[in-house]
Amino acid sequence: MKYKNRFLTLAAVLLVSCSVEPLNEPAVTEEVQEQMSEKICNTSRNAIKGTLIAKFNEDAIPYIEEAASLATKSGGVATRSGILSVDEVFARLDVKSFERIFPAIDEFEENTRAAGLHRWYQVTFDESQNLDEAAKLLANIAEISTIQFSTPRYKTFSGEAIPLTETVPAPATKGIVKADFNDPDLYMQWHYINNADMAVSSEAKVGADINVVDVWKETGGDNSVIVAIVDEGVKYTHPDLAANMWTNPSPSEEYDNQDIHGWNFVDNCPISWDKKTTNAYGQESTDSGHGTHVAGTVAAVNNNGIGVAGVAGGTGKGDGVKLMSCQVFSAGMSSTDVSVSKAIKYAADHGAVILQCSYGSERSEVSSPREYKTHAPLEREALDYFMSPEYNRNKILDGGVAIYAAGNEGLSHSNFPGGYEDCISVTAIAPDFLPANYTNYGGGCNIAAPGGETSGHTGGEKAGILSTLVSEVNGGDYGYMQGTSMACPHVSGVAALGLSYALQHDIKLTREEFIAKLLTSVNDLESKLDGNKVSVGGMNLEEYKGKMGTGLIDAYQLIMQIEGTPCLKIGTDRLESVSLTQFFGAGAEYLTYTGVTVSDVDMDKLSMPTRPVMENGQLKIRCNRPGVAHIKVTAIAGGSKPGSETIMGGMVISKEFAVIARDNGASNGGWL
Amino acid sequence: MKKIIYILLAAAGLAACWSCSKEEAPAVEQGITGEWHLETWNDNATGEDFDLYLELGADGSFNSFERIVTSVFVRYSGTYTATGGVITGTYSDGELWATYSYELSDGDKTLTLTSNGKEKDVHVFSRTDIPGEVRDAADALTKSGSAPAKFF
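Chains as they are written, first to last, in the numbering used here: chain A, 1 to 672; chain B, 1 to 152.
Don't read these hints as lab results, they were simulated from the structure.
Just so it is clear, CB atoms sit at the ideal spot from N, CA and C, and this is done for glycine as well.
A couple of the hints might just be wrong.
[To be verified] Some chain B residues close to chain A (C-beta under 8 Å, calculated; not the full set):
1) Ser64
2) Trp97
3) Ala98
4) Asp121
[As the list claims (entries may be wrong)] In the PhoX-like style, the derived pairs of lysine-lysine whose C-alpha atoms are separated by at most 25 Å in a straight line are:
5) A:Lys605 - B:Lys109
6) A:Lys620 - B:Lys120
7) B:Lys118 - A:Lys569
8) A:Lys632 - A:Lys620
9) A:Lys96 - A:Lys73
10) B:Lys120 - A:Lys569
Chain B extracted, bound-state conformation (with noise of 0.2 Å):
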């Protein structure tokens, strides 16, 4: 009887820490948190033959919306951790972003995420609201990280 009145209080205990972490305020530095735009990969411009907008919740939730390897936008969503100058994520099926640093400039108007990979990838985002159009055409064809919806 004892062992089981230990084994509910330990169970209890476990469960209370649980709920302890999910409470816990995501590892998220605020000045990061918005909607931004992609403006250059590499030096190279976006818009015409790419385009990425990126939205970083403050829950530490993310949603990206790229036209890249599709004609037209997609989300991608999961959730995100920013701090001390690092930045990595996860997608909703458990995919995982590469791992950034992160730097916040011109008055927290621009952030610069570059790899901290072999190879040179920098990327520059500019604060900017993310257009209603974009979010409409991806939702037609959300993403949470499977395979491509029907395109071809």
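One chain only, chain A, in its complex shape (with noise of 0.2 Å):
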């Protein structure tokens, strides 16, 4: 049979280059040769077939779309472009269709032509048509300023969902939950409140979970936070998630007003769950429930008597964050670039300041963030508008929040777009508060969260993360998955409880001081990578050494940086040395700094004969007069080198705090 589908598949594949002439190399000098590969920005390896994607030079776009706007007025669909250059080869390739892929909404039209998004275009022509003979023919054209290969998008979990099939706490549960909340499965939660319960695995370790349930008695999230989820469709009449999904006040006629909890950007209509497709060769596949899965963490809705909590779901009076589903996936399929730009600016456009991301680009196609940024252009204006000040129509930050799983192929880098060095990259830990055998570390890894680890634990599947799930596919409401795009929703989650809690405080923060606060919000994972971990066939921790993020999301440490900045106390006349946890989170000793400022005259002021240092992860400093002073120390989150065009490294942040010398004060800290 399998011989015979082979045979039947080059057999078409003859019959269809049979009857579609094929594309000549066009005639180019070698200047033009030149322009052209400049042009084309990534290569056809493993691209789409039978799409390329362009960008047009601003001159170009007034011909275009007046052609755009005559063929769609006559009810069809536009397949040339009203400028005879691009034509004829339109005519060569027998387009199919050439659309904006950015649809014009006149809501959002001025800040789409400010970004020049609105120069994007998608052509599509039969498949059988050789790509790079067609990425070369439009890159030939003067009105074509790039040219890029359409390329897949992959969900970042690793394994299946099991659903949830016990209602009662196992016999060696301890059942300790210190939540105020009532959902019956909490209890299973350890990626919320680890107590090294036996019936999760007997290597769990108390404290190997995002320390959220303190939290949960000062907020449970806020209605005006909304966080895209990137992903499948997320099931929007979940009964664990309704009353926390995102409603678009006002939906677009490009979307025939169906837009309500989000859109379907693979298919173009409305979100969709539990959809099946059979491919050429009688292979179904379907929805896996892993969007519903990742919007459960992220706010399935508290204290409402059913299923599980999600991490900023409310307090069960209607005050959870909203969920907007951003659908780039669908049965089964994988996604491709186009699907989750167009998502992405969809998020932005729409207030989102979380973009909730559990995907990522084949782990081959991209190795450093240069790469990223030349090979694939049309993702990353994308996520610049989401995150920037001018585009993003959140009201809560000067711009978004992008929040990217690091990958599941034990590589040691992230995946991209994590990876792109202004996106948070997270890594994944078991309940061992260990490293998961399958999660990515090292370059472009920022912070880690539990992704669950559903192999290698006495308590099985329960070592995963529980959450939502999709009846009609999962067969239950609730189930666990595992991976880094289970780890991705905690420290979205956690994200969006801090903003919460800054806007009902009425504490404004920028981007920047909120991802810096959101990075030093951890806590020390360094410090247990020794050894082996022995539950999963030995794997070696000394190689995840540095190479995790800055540590453990704590969702606890995030509201009291939020809150505010403490100060240091320091004494006078002698030399200190001084841990920088209360600013660096936990793992400060181990982070790697990178400067220290101090203005002269606060040197002056306190007397400090020289420049205060960081040494093995402390600060170095000297005040021979009582006062205060203002400082400012800076590190990489993730890593020893920051990210740069070459190196996959870790986010610059930055700490300001005051630093107070004096002898006077009692030890216990007070300050008289």
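Can you join these two chains into the complex? Each is in its own frame, and there are hints to help.
Below, the structure written as structure tokens:
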């Protein structure tokens, strides 16, 4: 049967190639060839057939838009650009459609044009056409500045969904949950409250969680905070999610006024979560529940008497953060850079402040930030738009925060776009407070969170992450998954909680300040990375040293950091060595610091004989006079080198705080 | 038997003296009692970087509400004495204050504490009601002199 299928495929390919006129190499000079190759920003390896992405020069846009207007007025699909040289190539390619990637919607068009996103078009043609030749033909056109092969995007979860079967605690379960919420399955969500429960894992460790319970006493979320779930469609009718779904106050005609809780950017239709397809070989694929699982971790409705809790799912008073479903996966198929770019821009236009992205590009596609920037300009421009203070329409921060899963291939670097220096890339730990056996780590990784590990533990799947699922495809409303896909929404949820707290306490933060606080609100992971991890076949933990990010995300610390920056109190007339855990989290001594700044005026004020420096993770400072000075310390969040064009490094973050030099005061910390 | 009677009498006498000393008025100058806000320390204005409120009771008890080495206000409590221009105190865990000379001015609306130590250590307080939110925030993390509660 297998060989029969191969024969049929070969026959089909031959038949198609006979029926379509092959493209010839365009006759070009060396200089033109160089320009052409500069215009083609990536390679066709693994590219999606039958489509190319083109960015046109601004001068060409009026002609293109006029031609598109004529075509759509007559009820058809545009297949020509209105520019002779372009249309000659389109004719050779037998173009089937030619359309703007980011649709023109009046409300957002000014921003779209200002950002230059209106210049991106997608050209589709028969899949039998040679992609490289098609790209060369288009690159030869003066009106086109960039040609990009469209490439796939994949979900970053490892394994499968395992439905929750138990509804009562197993005998070995300690069942200790100190939360006030009444969600019955919260007791199995060790990733929020890890009591070293034997029912989860004999290796489980107290504190290998996100330390959220005390935060829930202060805030459970805020309706004004919108988190975009860029993933499979979120089942917005799920009984544990429905109340926290974002509802679009003004759906767009462009989406037939059906973008109520988001949009399906794969099939250009309303959101779906249980779609199946059968390919040419008779293989069936289906949605996996991935998007619904991720959404549940961010904000399953809390304290509603059913199911599970979400990190920022409210307190049972309708006060959870809102989930926007930006669907980029459907029916078990991979996504594309075009779909995710559309989704990212939609999120920015509709006020999402957090972009929750448990997807990535193929691992071998790019290996440095520079390659990402040059190979995936469409997605990068969409991300820049989302993170920009000018274009992102959220009312909380000056720009959005993009949070990505690092990837599950056990590689020593993050996948992209997470490895892009402006995005946060999340690694995964298991309930044993150690790196999960699948997690990527190293360059580009910024912070760790629980991602679960459904094998190698006494609790089996219970060592995974428990969240909401899609009963139609998963066989139940709740279940377990593992992956950096599952770690990522913990960081998104904590970020959303932090922003909720800031809003409720009228605390204004810049995006830069918030990211610095988020990445330094961590528990120490580094000191645990000695020897081998025995539960999963002896992972050498030394390999992970300095590579899991700043530490394990801690929601309580984030709230404290948002509340205010404490002062550093030191004595006078002696050289002090001070750990900066108050400012850089519990992993402070392991961070790489790149600078300490203090003004000459402040140095003089406190009579500092030399400039303070960071040595072995500690601040060395001497003040000979009592008083207050301000100091700024810069560190790398994730790894030992800052990310650059060529290096996959960490994010550079700064903390500014007051130093109080004084000898008086009690040893218990009291001022007097 | 006599010995026992003498011992009992001596014990009763001591107990009486002890209860007398307990009932003595605390060594507190009444003008200093009330609620105070630290305005400046060594000419550095408080507020943005650090903040401190002090409550001095007529019964010799004190509460201080401090946001200095923590992100939120923390309450410390204990007892103090203030007589003859000298103020000092003891936290409820037994830790001692430094000794300060004090001066009331501006119709008892301003309190200046100056350390008797070698370094310049001048505090200027103004008489101000302690805001409810400061008390509430501090009560969530009440201190009695032990190491700071869960922060980092």
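Which hint numbers does the structure go against, in order from smallest to largest? Violated hint: only 5; rest satisfied.
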